[in-house]
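Each of the two chains sits in its own frame; use the hints to bring them together as a complex.
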Amino acid sequence: QKEVEQDPGPLSVPEGAIVSLNCTYSNSAFQYFMWYRQYSRKGPELLMYTYSSGNKEDGRFTAQVDKSSKYISLFIRDSQPSDSATYLCAMSSLQGAQKLVFGQGTRLTINP
Amino acid sequence: GAVVSQHPSWVICKSGTSVKIECRSLDFQATTMFWYRQFPKQSLMLMATSNEGSKATYEQGVEKDKFLINHASLTLSTLTVTSAHPEDSSFYICSAKSVTINEKLFFGSGTQLSVL
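Sequence lines, in order, name chains A and B.
Mapped onto the numbering used here, the consecutive letters of the first sequence carry residue numbers 41 to 152.
Mapped onto the numbering used here, the consecutive letters of the second sequence carry residue numbers 15 to 130.
Quick caveat, the hints were computed from the structure, so don't treat them as lab data.
Don't take every hint at face value.
Claimed, not checked - If the Cβ cut is set under 10 angstroms, some of the chain B residues that face chain A in the computed set are:
id : residue
1  : Gln20
2  : Pro22
3  : Phe48
4  : Gly75
5  : Leu119
Built from N, CA and C at the ideal position, the CB exists for glycine as well.
Just chain B, same shape as in the assembly (with noise of 0.2 angstroms):
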C-alpha cells in the first residue's frame, strides 16, 4: 500500500527556535498534501492545502507567515513552524492524496512538537 513517511516523529525546541517537518510520499506522487493539528483527545484541524509547485492554501485562523509549508515536489511537503512558542505545541499529521488513487487520503504517522 501506499506509504508516507512523516519526520520527526517527536521534536523538542526552546521557545522562539524554528522547527520543520517533513512529509514524503514513498511510492506514489502526491499532487496534493494537507497538514493537520491535532490536540489531546480533539479531532485533526486541516490548516493547510499543499499543491505541488504553488503556494498552500491556509485555513482561516492558520498564520501562513508561522506556518510555512512546501511543497517543492510530487513527494515531499515541509511544514515549518517559525518562532515556535508553547501554544504551538501539538500533534501535527500530514496526509498526501494519491495521483491515481483518487478515492484515499494516506496519512504520516505525525510528528509531536514540544515547546519549551
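Here chain A stands alone, though its shape is the one from the complex (with noise of 0.2 angstroms):
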C-alpha cells in the first residue's frame, strides 16, 4: 500500500464548476499538508500549506484536512480554464517541507 493514495483521473469539469481533489494516506506521523500544482513539463508550485487539522481558505482555493479519516482535499471555486493542471498533494511529518511524500497527482481539465 502507498503512503500517498491520489486519484489520478483525469478529470474533467466545465468552466465554472467547483472542482474536488482528494488524496488519503496511512501514516498517522504526517502533520504538514500541501497541495501543490503543476503544468505539463515544469515544477509543481506550492498552492495550499496546512498543518494539522482543519480548513484554509486563499482565493478560489480551500483546502481541508481531517486526520482522523486519514483524508485532505482541496476545492477550486469557479474553476477557469488556467486551472487546467495536474494537483499532487504532499504531505510531511517533518517541519519545513522536509521529506515530502508526494501523490501521484491528479490530471485537471477545465472546459471552456
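In C-alpha cells, the structure reads:
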C-alpha cells in the first residue's frame, strides 16, 4: 500500500464548476499537508500549506484536512481553463517541508 | 517570490556518457536542496537530500555512485548522472528550502533527460 493515495484521473469539468480533489494517507505521523499545481513538464508550484487538521482558504482555493480519517481535500471554486493542470498532494511529518511524500497527482481539465 | 533555476531544461545523450544538471536558487539562500525523479503520469520520488557543505543523503534504492550530488554553496546544487543508460531517462526536478521561508519548498522547472 502506498503511503499516499491519489486518484490520477483524468478529471474533466466545465468552466465555473466546483472541483474537489482528494488524497488519503496511511501514515498517522504526517502533520504537514500541501497541495501543488504542476503544469506539463514544469516544476510543481505550491498552492496551499496546512498544518494538522482544519480548513484553510486562499482565494478560490480551500484546503481541508481530516486527520481522524487520514483524508485531505482541495476545492477549487469558479474553476477556470487556466486551472487545467496536474494537482499533487504532498505531506510530511517534519516541519519545513522536509521529506515530502507526494501523491500520484490528479490531471484536471477545465473545459471552456 | 523565490525562484529556483534548473538547467538544462532538456538533454539528450548517448548511453555511457555523463550528464550534469544544475539547480540554483536565484534570490535566496538554500541550506537544503532536494532532487526528485518523475516518470510519466507518476508522482515525484525523492532521490536525495543535499545540505550545503556536506554529503548528500540518498533514499533507499538510489545509487549514490550513479547519481552524484554536490551542494558546494548556498545557491547551487548539481546532480550528475554518471554512465547514463536508457532506463535513467526521466524528468528530474530539484527543489530548494529557504533559510528564512521555512514553510515553503521552491521547485525548479525540471530537466527531461533522454538517454539513447
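Evaluation of the provided hints:
| no. | hint | verdict |
| --- | --- | --- |
| 1 | Gln20 | holds, 7 angstroms |
| 2 | Pro22 | violated, 13 angstroms |
| 3 | Phe48 | holds, 8 angstroms |
| 4 | Gly75 | violated, 15 angstroms |
| 5 | Leu119 | holds, 4 angstroms |
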